[in-house]
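Spelled out from the first residue to the last, the chains are:
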Amino acid sequence: MSGFLAMGGYAAFVWPAYGISALLLGFSVAATLRAYAKAKAQLAALEKP
Amino acid sequence: MASLFAFANPKRFMDVSAIVLPWLAGATILTLGAGVVLGLLAPPDYQQGTTVKIMFLHVPAAWTAMMAYGVLALASLIGLVWRHPLADVTAKCAAPLGAVFTVLGLVTGSLWGRPMWGAWWVWDGRLTSFLLLLFLYLGYMALRNAIDDESRAARAAAVLALVGVVNLPIIEFSVQWWTTLHQGESIFRPGGPTISPVFLWPLLLSGLGYTFLFFTLLAIRIRTEILERRARSLLLAEAP
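For the record, the sequence lines run as chains G and C.
Each residue of the first sequence is one higher than the one before, starting from 1 at the first, in our numbering.
Each residue of the second sequence is one higher than the one before, starting from 1 at the first, in our numbering.
In short, the hints are calculated from the structure, not lab data.
It is possible that some hints are incorrect.
Said to hold, decoys possible - Straight-line alpha carbon distances no greater than 27 Å define the calculated BS3-like cross-link-like pairs of lysine-lysine that follow:
no.	chain 1	residue 1	chain 2	residue 2
1	C	K11	G	K48
2	C	K11	G	K38
3	G	K48	G	K38
4	G	K40	C	K11
Construct the entire structure; sequences and hints are all you get.
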């Protein structure tokens with residue numbers, strides 16, 4: 001396991017690459033879903049009365 | 001073309017995308033998950049060691065960034081020529097996503113370049129034209145934001161998007177035209193891929209995953225924009 005984490009000595013490059021990809025893509029998904037939920041709620045509030 | 005446009009009215013888009021989206025999201029999770037797991041389990045490359053694992057993030061990000069620009073440009077063209085409202089919405093929603101994938105391509109490339117080339121960055125044809133891609137996305141978004149009138153903003157930004165299309169072949173062929181540290185094409189080349197299957201499979205899966213993710217997020221963003229415009233027109237109708 002520790003051998004896997006060490007990435008053959010390249011851990012300092014491989015893991016940040018995975019980390020920043022997960023972070024940025026995760027943020028994009030979260031931001032997209034949040035905006036969608038907000039727009040849905042806003043439209044529902046307008047259409048209700 | 002007419003049959004394509006039949007799918008492109010906002011109402012029809014909402015109906016069709018509601019059906020397609022769950023499948024698209026599922027396909028994203030499956031392919032991206034398999035690609036990342038297989039990529040992390042792949043053996044070290046005989047030359048590049050374990051840094052080859054960065055490839056499974058770098059190549060899909062760069063590919064998706066360029067494909068997203070193709071979508072942006074095509075949607076801009078349709079918006080300009082046929083004044084199709086959904087085309088403009090598509091272009092508007094594709095730009096920030098394309099910018100994210102471009103940043104990922106640049107950052108992961110840098111993290112790969114440092115151990116393999118000894119440099120975080122070099123001003124060669126491939127890297128410089130790819131940086132220009134980021135500026136095209138940012139310029140597109142800035143231009144849209146700078147003009148208040150939505151239809152004028154759309155047209156001005158569409159022209160910028162179309163001018164920027166010349167950068168796509170420059171990125172693609174830069175590794176052939178100029179001396180560079182960046183490696184050449186090893187997948188879509190005459191005579192088939194020159195890459196070992198243990199790397200090719202995770203790369204293809206991860207590439208599919210990134211592509212599906214882009215279209216999933218694009219569809220949700222277009223839906224969001226349609227709902228927002230509907231809400232805006234309701235508010236305008238209510239205003240005294």
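Take a quick look at whether K11/C and K38/G sit within 27 Å of each other, Cα to Cα.
Holds: K11/C and K38/G sit about 19 Å apart, inside 27 Å.
Between K48/G and K38/G, is the straight-line Cα distance small enough, at 27 Å or below?
Since the Cα atoms of K48/G and K38/G sit roughly 15 Å apart, the hinted pair holds (cutoff 27 Å).
Does K11/C pair with K48/G here, judged by a C-alpha cut-off of 27 Å?
Measuring from Cα to Cα gives roughly 20 Å; hence the hint holds.
Hey, K40/G versus K11/C, does the alpha-carbon distance stay inside 27 Å?
OK: K40/G and K11/C at ~15 Å, within 27 Å.
Checked against the numbered hints listed earlier, the structure breaks none of them; every hint is satisfied.
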